[in-house]
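Using the sequences and the hints given, assemble the complete structure.
Protein chains: 2
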Amino acid sequence: MTELSPRLMRQMDFIIEADKLKNVFRRSFISDQSRRENDAEHSWHLCLMTIILAEYANEPDLNVLKILKMVIIHDIVEIDAGDTYIYDEAAKQSQAQREQKAADRLFSILPEDQAHEYRQIWDEFEAAQSKEAAFAKSIDRLHPMLLNYLAKGKTWKEHGVAESDIRRINGSIQHGSEDLWGYAEHLIKKSVNEGLL
Amino acid sequence: MTELSPRLMRQMDFIIEADKLKNVFRRSFISDQSRRENDAEHSWHLCLMTIILAEYANEPDLNVLKILKMVIIHDIVEIDAGDTYIYDEAAKQSQAQREQKAADRLFSILPEDQAHEYRQIWDEFEAAQSKEAAFAKSIDRLHPMLLNYLAKGKTWKEHGVAESDIRRINGSIQHGSEDLWGYAEHLIKKSVNEGLL
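Top to bottom, those sequences are chains A and B. Counting from 0, one number per residue, gives the positions in the first sequence under numbering that gives the first Met the number 0. Counting from 0, one number per residue, gives the positions in the second sequence under numbering that gives the first Met the number 0.
Think of the hints as simulated: they come from the structure by calculation, not from any bench. Remember, it's a predicted structure, so these values are computed and weren't measured experimentally. Watch out, some of these pointers could steer you wrong.
Note that identical chains are pooled: a pair holds if it fits in a single copy or bridges any two copies.
[What the hints assert, rightly or not] Calculated lysine to any residue pairs in the SDA-like style (CA-CA distance at most 20 Å, straight line):
1. Lys130 x Gln99
2. Lys19 x Arg34
3. Lys65 x Ala53
4. Lys19 x Leu149
Okay, here's the thing in structure tokens:
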């Protein structure tokens, strides 16, 4: 056996550390309502949505590979910082600081060039300014709305979420994709009609 | 609200159907041994490995976006066909037929152009001939080996898997990446030394 390079060992250490994302549970239930969803599954579902729905981005010529890198690593910081519920205003106050600290620790497990690359990609996602980040954010907002609709509004009811909250928080979907906002409106309408909201 | 296009509805139907992958459980345990891993989490972990480890592919100039599309959808057929354990020779006999049938049903939920694109990508992965498929297969083999090592060989012990089985089944890692095969050999050696195999 040849000697393993320190570079490969650091990369594998990051991949091993990332396994913990499977134990970070979100508020959303999976569609059959049997249990809550974890961040690893959520991130996979965003990857699938990205490749299938990229054509609906408001801006043309998106770098789909970059969006995928974003959604693959976007929740990694929650290994240390935990999941912050989007409708929990108190937890959201400390969220940025907790997540910055987590990003410092986690990305630095990688070799320097990749630590830099993925920290930049995560920062870009958080800033939500580039066209790729805007689209990734749209998908990240639409996904829990879809699951909550499919799970009969279970999480919305648990937390007393109203239609106005949903419109306020998720209006940013429109920033990445008018078409996906159209679908979100369709979900909101159906949720109201079915008494889920 | 504008009328939603039939195209978008089919795409969302596929994304909704894909949620079922979160209930397809594999033999491998997650690294803390608390429970078995499901296909959605596994697929996410392969995405992460792909972007971090693509530099180790034997062949140069890989299309990383294509590899990601492969690993995102590679296990989707298991929604209908179930997970087939790599060391279960009896189940492997009927696997191809069950999975072809599943692919026929699942990809046809998508609009025709995407149904065609993703069926082709899945077929290419299964054939394991292109350089992208060879690398995706390497990652798909290395991942459970890594988890089983981290979970103290729990699955190997349950199924009486020996070092020779592991070498026979996972030698194909070498086909996609000599370097990752080097890491796999390192895992096998450690597993033997620690009495996990």
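The hints, checked one at a time:
| no. | hint | verdict |
| --- | --- | --- |
| 1 | Lys130 x Gln99 | neither (22 Å within a copy, 37 Å between copies) |
| 2 | Lys19 x Arg34 | both (18 Å within a copy, 12 Å between copies) |
| 3 | Lys65 x Ala53 | both (12 Å within a copy, 15 Å between copies) |
| 4 | Lys19 x Leu149 | between (27 Å within a copy, 12 Å between copies) |
Hint 1 from the list above is the single one not met by this structure.
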